[in-house]
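Model the full structure from these sequences, guided by the hints.
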Amino acid sequence: MEGDRRVKPAPFEYAAPRSLEEALGLLGEEAKPLAGGQSLVPLLNFRLARPELLVDINGLSELARIRRGDDGVLRIGALTRQSELERSELVAAEWPLLTQAVRLVGHPQIRNRGTVGGSVAHADPAAEVPVALAALGARFVARSPRGGRTLCAGDLFVGPLMTALEPDELLVEIEVPPVPEEAGCAFVEHARTAGDFAIAGAAAVVVPARHAAIALLGAGPVPVRASDAEGALVAGAEPREAAALAASHIGKGPRRALVAELVRRALEEAAR
Amino acid sequence: MRIAVEVNGERYEREVEPRTLLSDFIRHDLELTGTKVGCEHGVCGACTVQLDGEPVRSCLMLAVQAGGRSLRTIEGLAEDGEHPLQRAFHERHALQCGFCTAGFLMSLEPFVREKPEPSEAQIREALAGNLCRCTGYRGMVEAVGQAAKELGGG
Numbered sequence: 028m029e030g031d032r033r034v035k036p037a038p039f040e041y042a043a044p045r046s047l048e049e050a051l052g053l054l055g056e057e058a059k060p061l062a063g064g065q066s067l068v069p070l071l072n073f074r075l076a077r078p079e080l081l082v083d084i085n086g087l088s089e090l091a092r093i094r095r096g097d098d099g100v101l102r103i104g105a106l107t108r109q110s111e112l113e114r115s116e117l118v119a120a121e122w123p124l125l126t127q128a129v130r131l132v133g134h135p136q137i138r139n140r141g142t143v144g145g146s147v148a149h150a151d152p153a154a155e156v157p158v159a160l161a162a163l164g165a166r167f168v169a170r171s172p173r174g175g176r177t178l179c180a181g182d183l184f185v186g187p188l189m190t191a192l193e194p195d196e197l198l199v200e201i202e203v204p205p206v207p208e209e210a211g212c213a214f215v216e217h218a219r220t221a222g223d224f225a226i227a228g229a230a231a232v233v234v235p236a237r238h239a240a241i242a243l244l245g246a247g248p249v250p251v252r253a254s255d256a257e258g259a260l261v262a263g264a265e266p267r268e269a270a271a272l273a274a275s276h277i278g279k280g281p282r283r284a285l286v287a288e289l290v291r292r293a294l295e296e297a298a299r
Numbered sequence: 003m004r005i006a007v008e009v010n011g012e013r014y015e016r017e018v019e020p021r022t023l024l025s026d027f028i029r030h031d032l033e034l035t036g037t038k039v040g041c042e043h044g045v046c047g048a049c050t051v052q053l054d055g056e057p058v059r060s061c062l063m064l065a066v067q068a069g070g071r072s073l074r075t076i077e078g079l080a081e082d083g084e085h086p087l088q089r090a091f092h093e094r095h096a097l098q099c100g101f102c103t104a105g106f107l108m109s110l111e112p113f114v115r116e117k118p119e120p121s122e123a124q125i126r127e128a129l130a131g132n133l134c135r136c137t138g139y140r141g142m143v144e145a146v147g148q149a150a151k152e153l154g155g156g
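The listed protein sequences derive, respectively, from chains A and B.
If you read the first sequence in the working numbering, its first letter stands for residue 28, the second for the next number, and so on.
If you read the second sequence in the working numbering, its first letter stands for residue 3, the second for the next number, and so on.
It cannot be assumed that every hint is accurate.
Restricting the straight-line Cα-Cα distance to at most 16 Å, the calculated cross-link-like pairs of lysine to aspartate or glutamate (EDC-like) are [to be verified]:
#1 B:Lys117 - B:Glu127
#2 B:Lys151 - B:Glu119
#3 A:Lys35 - B:Glu42
#4 A:Lys35 - B:Glu19
Source of the hints: derived by calculation from the structure; they are not laboratory data.
Put into structure tokens, the structure is as follows:
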């Protein structure tokens, strides 16, 4: 079969570093990190992405851990497979919003390879995990040869498929603070079929009269927190009123109605 | 790059270009053509194989990433082609042209092993990651239920 190779992606150099330091040294303008590949490989196959160098980080097992620190903060290594997050009993017990959200990512075959960090760094506006993380007030830890920094969702997500990460920066960990005691949570979305990209969705974390976090999917180019609706809810608004407020920034039309309805469902489910 | 992979219990060593997709490697380098290639961007599921026991899309992995790992393709599902899922697909007319079938079977094998009495909704969700353009899925839903029952969660 020599000389008869079927190839889709354009040629690239390939490196599989064995340590984070080595990986960071390889990243840069013409390099792309390869984690689960569930979004990057289609782009390579279509030749929409043509990196000169692929830095395969799958060997960095130190980035594939889920643990809770002494401070109660959940630390999810960026290389954690979506299926591992889905199966984590710790996450299901303490951060059930994440379990609900990750179950909606693609299909089991996708989640077996796809990573939590990949969902975040790819920044698809229809991705569930970033929306859930925004509702939970997560912080995103990036490393580069120049050092490290921690960003909140509002600073990290800058546009569709765009983050504030520099080409030589790698997302290494996601920190999720403890959910307020007695909080109810729900992730609701509308997709044409199970596993398809969602058209719209809503994540809610609610403690009646004390705490409300609402993040929206499909209401803008990035995950959006509905701060007006959050304030109204804490002040005693009904779910339906808060939901209408959450969707009020979207232009009049079906999307606004859909988002409002999904927020209402999320709030009612979270209150149960 | 030179890689060694175990496929269906057999060890293969091959020289591959990094950009070779695992799906193309399986079909063209290993000549295991039971694995089919449909959309090549992770939507149709026809190329699904098992990587260390877990179903994955082989068109969304590079062959070099399978180095040192263990793969199972449709050729390794059952020696005689008589896995309970294969038999159930046959008996319940769960295929017509057959192009998507290998991907369905490799996706569904862990499901029928782990869930002895799945509901129709659970079966439909388990089928959702693969596309079939012939059957309308009705026969597949029945076949999966039958195979799950037969395997009885073991």
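* Asked: For which of the previously enumerated hints does the structure constitute a violation, in increasing order of number?
  -> Every hint satisfied by this model.
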